[in-house]
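K.L.:
Now for the letters of each chain:
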Amino acid sequence: MAAKHEDRTIAFQIITFIFFFLFIIFSVYVGTTRLLFSRIMTDNAQESVGHLAHETINLIDGRFTKVEALSKALLDLRRMASLSEADYNSFMYSLIYEHHELECITIAYDPSLGNGLGAKSVFYRNNREMVLPYPNSDYQYLDWFQIPFLLQRNFWTEPWFDASATQQVLVSFCQPIFEDGKCIGIIRLDTKLVDLQNIVTPLKLKRSGFAFLISNLGTLITHPADSLVMDESIFSLAEDTGDQQLRKLGQAMVKGEVGFVRTSPQSVFGDSWVYYSPIYSNNWSLGIVIANNDVMRDLNLLLIIQLLISIVAFLTISIIVYYRTLSVSKPLRVFTGVAEKIGQGDFNVALPDIGKSYEIDRLTQSFAAMQNSLKEYIRNLQITSAEKNRIIAEVRIASEIQRKLIPRNEKHPDVPSEIRIHGVLEPANEIGGDLFDYFPIDDRHFCFGIADVAGKGIAAAMTMSMVSTFLRTIAKYHLSTNEILEQMNNFLVRNNIEANFVTILLGIIDLQEDTLEFSNAGHVPLFVRKINRNYQKYAETHSTAVGMFENLKIASESIKLDLGDELILFTDGITEAMNEKEEFLTVAGLESIIRDLGTPNPETTANTILYRVHDFCRNSQEKDDITILTLDYKHPKRNP
Amino acid sequence: MKFADYTRPFCFYAILGGLFLLAILACQKEPDAWHGKSHLANSAAEPTDSLFKLRFLPQWTHQAQFAGVYMAEKKGFYRSYGLDVKILPGGADAPSYDNLQSGKTDITQLFLITAMTRDAENRNLVNLAQISQKSALMLVGKKDRGIQSQKDMNGRSLGLWRSDFRDLSLIYLKQNKLNMDIVNVDFTINLFLNNAIDMINVMRYNEYHRILQAGIDPDDLFTINFSEEGLNIIEDGLYCTRAYYNRYPEQCKRFAEATLDGWVYAINHQEETLETVLNIMRRHHIPSNKPHQAWMLQEMRNVFMARPSEIGILRKTDFELVKNLLIEQNNPVTPQSYESFYPNGR
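If you read the sequences in order, they're chains Z and F. At the far end of the first sequence sits residue 646, using the numbering used here, and the numbering has no gaps. At the far end of the second sequence sits residue 513, using the numbering used here, and the numbering has no gaps.
Don't read these hints as lab results, they were simulated from the structure. All of these numbers come straight from a predicted model, not from anything done at the bench. Backbone N, C-alpha and C fix where the C-beta goes; we use that ideal spot for every residue, glycine too. One or more of the hints may lead you astray.
[Said to hold, decoys possible] In silico negatives: residues of chain Z with every beta carbon more than 10 angstroms from chain F: (1) Tyr103; (2) Ser239; (3) Ile240; (4) Asp420.
[Claimed, not checked] With a straight-line cut-off of 30 angstroms between C-alpha atoms, the simulated DSSO-like cross-links for lysine-lysine are: (5) F:Lys242 x F:Lys457; (6) F:Lys483 x Z:Lys254; (7) F:Lys344 x F:Lys490; (8) F:Lys309 x Z:Lys261; (9) F:Lys344 x Z:Lys254; (10) Z:Lys212 x Z:Lys198; (11) F:Lys457 x F:Lys344; (12) Z:Lys462 x Z:Lys587; (13) F:Lys490 x Z:Lys254; (14) F:Lys457 x Z:Lys188; (15) F:Lys318 x Z:Lys261; (16) Z:Lys261 x F:Lys301; (17) F:Lys457 x F:Lys310; (18) F:Lys341 x Z:Lys261; (19) Z:Lys210 x F:Lys457.
Start from the sequences, fold in the hints, and give me the full structure.
P.N.:
Here it is as structure tokens:
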């Protein structure tokens, strides 16, 4: 499996890593700073806005208090000194003249008393002293008279337009006049609204802050948007914009509460803070609005500066890391080149002398050690390879020799015409331990055999060669299979160093008597197939395998051969052939193959069995030598 | 059409504004958008010479209470009925009944009970159409001042208007055996807001909402709706004098129909109507407060549509109810019959 190649450089990875952690650190820093400092900023804003509000309130209250004091002075004078009406008027003129807070003074008596005193206003018009009897005979029903009269206490009016006397918008202080403990009228001192507006309207805070004044009924007295003044109340604004929060704020203001609240971004004031505090004289309320952005401006500025510093620091670190990483990784790049050359077989490439650090020095030493090891290894490999090649060549020669020992299947001049014979030997390796052989002993006797040497490799092959050579040699002198095998047993016991035993099935056909004598020394069974396709299995062994015990007694068996009999010999490479389920073919499996065979023909029979065995074990890794020897005897369909 | 006291000073502005407008019109400059067409020779559009000229005086300063008249004028309903209507500025300085009698206006608007009381004098009023079909009159008190139920009203002070409808409240008190200290008040709610009085009578479409606009929540108010107390005395109607009606009966009917059309239009097009009302108020320098006018228009819709099958009609039962009530209280009452008082009903 091919490993995924990392295509990101070390510099990139380090910079990404730094960015990631700087980002986390900065986020935590900003979050914490905002959390901790926003409260401080808010408190500071509340404090500074509160100071401003109270200064303003003191200015307004000072004005109101002064008017109230003048009113009290007038009443005291009226009570204590019996001045003539002209003198009293004169005193009132001088008060208006001297106190710019005063615009007009009105004294009104309760008409229901029937004293005919009525009401009059004194004021200046074009620097002329004016006295105006109150034109509206129904003045007793006007707020400025009726409310303090009913309440029997001092009252500050809402702003109102005085169309008759001063022709100004006024705010009036109204004080009941008591005589003998009974309220007989009202004295009213007017001050101009515009003077109050001039105190409040210019108030500016930071960028967007502004102040507004509402009456105790919620009417907007001053507001930067002049169109709202007097027409709207804080509650009508709230209703118009569907702003319930503003209505709640207005209710708190008219109740004379002090507070510092934040308004939602959807409200009339936007995302802002509102400080509100009452004017103590008349329960009006002053509100100062400051945008949340303004409150947080310094903090935000600080955070922006911190952000910029962080970006600059990040960029600087990135550049340093980039160039430093390039410098550090330079030896790595050099070593990459060296490794590539070594990989291409150049083991003598010179290592660079760039050991500027401990790690690179170690890397150079390791590279040198690796280079030397590789050289040594390759040298050993070359020697081993040469040795192996020589052995392989020799094995090949041994194999060739072994093959020469096996008779070839092409028409053999020595095989008598009564017999057709076909052998197959498939060694699992270059050289094997299986063997088949056939040859005429004389004109009457035809010898054939099949053997399997236990073990594999050279030793088995040598034993096989010994068996083959011995058989051919001794068969000339013995015409009995058991004698031949007994001789062979003793020979092998004496001369076989590895003590590899050999299973062997040896047969001699007497061509004149039509008999077959055979001995089975520990070998797999012999099958004799009749011309009617029935078969007979000769499974009885006449001894154990040869080559183990000296002077082994071996029996033999003779059977009569019929015309067309087919003899099938094989080694255990057939019956022990294994499929992918690790199951053997077994003798029974072979028998089923034999039952399916067609007309006896040694070559076809041998090839068919071989094909079926290959088919059986086609998916198996296990391999053993496979040997089959088939022959038929005096087959009638054969052309002589 | 009781108005908070602080609006009164602005009548001065209203008069100034009116004079200013007249000056502009006299100079034949660009005609006023809604006012000019009605009484100026508007040669380009229709020859107004062929239209019947008529003056209408609302019983108070311009506000959504008269929305139907404004929309009938603006949408050309009057012109399509062959009328050239001039809408006069109303207010405290122009009492509608007196101006009708003195001929300063041809048609005006009056409460039914006012009309039937004042008519005892001259016996010449004719009701052309009945705009209101439901009483909007209420009494309110602050719960936190200890007025939680009807019995809490005993011994408390009640502000009643010096003129219209005080009788109705007095009848209510008598019917319910309540003993209250009556304080005469003008068109102000400030006495109530400043706690100089405990209760006050208000119109639902006007003063009641102004109280809410002073920051008092509806839940904090104890209210009595006369319409639910067997005193559903209907209010606004259109009136002219008998002499005028006899002389121009057809034009009077057409004015009534066009005005009712205007009301239907106003109710179906509230946003447009609201803009129109606010424009008129601004032009006359009357303090305008959009949510208040929106509330008023919505409430006027409720009184106009209270009996959907009898829009614009003065029912005999309503006429009789008021008449009996006035007789019962020994108050002056019109001697006219229902058929004579409301000839359009026939």
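K.L.:
Quick one: which hint numbers does this structure break? Sort them smallest to largest.
P.N.:
2, 3, 6, 9, 11, 13, 14, 16 and 18
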